[in-house]
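Engineer: So the chains spell out like this:
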Amino acid sequence: MSSAAFVIISIVTLAAALGAATLQKLMHATLSFAVTLVGVAALFFLLGAEFVGLVLVFVYVGAVAVLIVFTILLTRRGVETHRGFNWGGAFLAVAVLGGLSWAIFNTQSAAVVAPRVRALTVARIGEALMTNYVWPLQCVGLLLTAALIGALVLVMEEKR
Amino acid sequence: MINQSIDGFLPPDVGNSVDQIFVNAKHWVLTWLTTAPGWAAQIVSSLINIFALLAVFLTLFALMSVLERKILGRIQNRFGPNRVGPFGLLQPVADGIKMLIKEDIVPARADKLVHFLAPILIAAAAILALGIIPYGRNMTPFTIDGGILFFFAVGSTTELAVFMAGWGSNNKFSMLGAMRAIAQMISYELPLIITVLPVVMAVGSLTPDRIVAAQAGYTFGFVPRWFVFAPWGAMAFVLFFVSGLVESNRTPFDVPEGESEIVAGHMTEYSGFKYATFFMAEYIGMFAITGLAVTLFLGGWHSPVHALEFVPSYIWFFAKLSMLLFVYIWLRGTLPRTRVDQIMNFAWKFILPMSFTCVVAAAVWHYAGRGLRGWLWSLVVIAIVYTTLSMLLDTRRKFAPRIYRFAE
Chain V
1 MSSAAFVIIS IVTLAAALGA ATLQKLMHAT LSFAVTLVGV AALFFLLGAE
51 FVGLVLVFVY VGAVAVLIVF TILLTRRGVE THRGFNWGGA FLAVAVLGGL
101 SWAIFNTQSA AVVAPRVRAL TVARIGEALM TNYVWPLQCV GLLLTAALIG
151 ALVLVMEEKR
Chain S
1001 MINQSIDGFL PPDVGNSVDQ IFVNAKHWVL TWLTTAPGWA AQIVSSLINI
1051 FALLAVFLTL FALMSVLERK ILGRIQNRFG PNRVGPFGLL QPVADGIKML
1101 IKEDIVPARA DKLVHFLAPI LIAAAAILAL GIIPYGRNMT PFTIDGGILF
1151 FFAVGSTTEL AVFMAGWGSN NKFSMLGAMR AIAQMISYEL PLIITVLPVV
1201 MAVGSLTPDR IVAAQAGYTF GFVPRWFVFA PWGAMAFVLF FVSGLVESNR
1251 TPFDVPEGES EIVAGHMTEY SGFKYATFFM AEYIGMFAIT GLAVTLFLGG
1301 WHSPVHALEF VPSYIWFFAK LSMLLFVYIW LRGTLPRTRV DQIMNFAWKF
1351 ILPMSFTCVV AAAVWHYAGR GLRGWLWSLV VIAIVYTTLS MLLDTRRKFA
1401 PRIYRFAE
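The listed protein sequences correspond, in order, to chains V and S.
With the numbering used here applied, the first sequence corresponds to residues 1 to 160, in that order.
With the numbering used here applied, the second sequence corresponds to residues 1001 to 1408, in that order.
Since the hints were made in silico from the structure, they are not lab data.
Hints may be right or wrong, so weigh each one.
[Claimed, not checked] Using C-beta positions, here's what the derived DEER-type ranges look like:
(1) Leu1190(S) <-> Val134(V): 18 to 28 Å
(2) Thr145(V) <-> Ala1368(S): 48 to 58 Å
(3) Pro1037(S) <-> Leu152(V): 51 to 61 Å
(4) Ala29(V) <-> Lys1172(S): 55 to 65 Å
(5) Lys1172(S) <-> Thr71(V): 18 to 28 Å
Every residue, glycine too, gets a C-beta built ideally from N, C-alpha and C.
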């Protein structure tokens, strides 16, 4: 049953990704991109990594997709014109694909059977974040605070 | 074989048969499937949970819609619906039939697909969120490790759905309403999550069942160990309740559908059954958020008095739920609508600092020994921050002639 679920989820995810890349209207592409993210989250669920899947939905669908949608809405005017084939984009896509495949094929663990790991519970993730990875966590917190203050400064009214 | 961790229903081992009647009924159905392959039993088990959930909450939705009108009528000194059936109780049936046979109007310039998908997505998200709440002993439709996180992850997709409704309608009122709704939902999602944190910290788990289990028992033999009875819990409960009110777009925070300004917000271009779906999703979302409030702060399905523990657990859950829902209706009948900027200021200047204070107060409570001393210390922390905030935010001293920035 799990392999059938994998095939179905993969087809939906890949179709949505294709839609995100090819749909004419930018808004449709964004919504399709959100479907892709949900599909990837479903794959994480299938692997038993519930936390990662939930955070993916939470952060990317709940926040990033909404952000993209608003950016498009507030910056674009009128209909999008077809501007010919995007060579730069194609080059970037091929570069990313190449880099990722290089990384995947050079990884040792892909060739052998995955070791039996303990269930990835939220408690274990929290423990790791608070012990081994406490400095990266704090750095991310500092960065986000800086971003928040930056956003406040940007929208602050100037006193006359 | 039934996967217990996905299924969520534990084998019936509790003696109280009335309490476990639904769990036992489900197991009785599943015993017919012992010869069937594992995946079939699992699917049937999930389907039973889904149908039970939908049946209960759609009935509650129908009941709530008529009771809301009745109570509002009572508050406003009039009768409310009293024509259809006894005491007007069959009013939802009449309303449902009316909605079904109405014409479904789609604007000519609307984005047909997005316009069609938005109500479905909103309803799906609202119903999914209901799944993680423990409705009684051994009665969680599905238990997952990060249940609370699931609730908010699913809830956060509502924003995209509201946007789809607003943008897909190709109407300026819809778009403005959707933008208001999204701004409001994002602003209040933050305090909503942060007020959950103290409970998660105190229990040490994101699983709703564990959170309910941690609230069992009584202090001094008569005060239930619900988190609402600790100072940080009481504060977090009030903040959670208000934020939940905003999240479900209820009066006094229903600016996304302020009739006098933007018709019906993102629902302007919807009619017939699609509008009914929006309406239903709003109510189901309300049930979900109040259900989570009951689970987190009001002890879930535990009884408030030791002597009344023979009453089935699900009755306690729904009694608490209906009490909170009554407060929702009561507030709707009492308070006028707030302005958009008031809502935003309230979120960022008051609710957010106060919810961070709850986290600190919960930590103080924990490190002071979780007893009476911790209780008093956390109360002191909250009192200090509250008085400081109210002094800082006091606007009465600086009233000045009003400046119109956008309406010149």
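Engineer: Against this structure, judge whether each hint is valid.
Structural biologist: Verification of the supplied hints:
As the Cβ distance of Leu1190(S) to Val134(V) is approximately 23 Å, the hint placing it in 18 to 28 Å holds. Taking 48 to 58 Å as the suggested C-beta distance range, the pair Thr145(V) and Ala1368(S) does not conform, at roughly 28 Å. Range check, Pro1037(S) to Leu152(V): about 58 Å between beta-carbon atoms, so the 51 to 61 Å window is met. A beta carbon spacing of about 23 Å between Ala29(V) and Lys1172(S) contradicts the range 55 to 65 Å that was offered as a hint.
Range check, Lys1172(S) to Thr71(V): Cβ separation about 19 Å, and the 18 to 28 Å hint holds.
Figure legend: structure checked against the earlier numbered hints; hints not met, in rising order: 2, 4.
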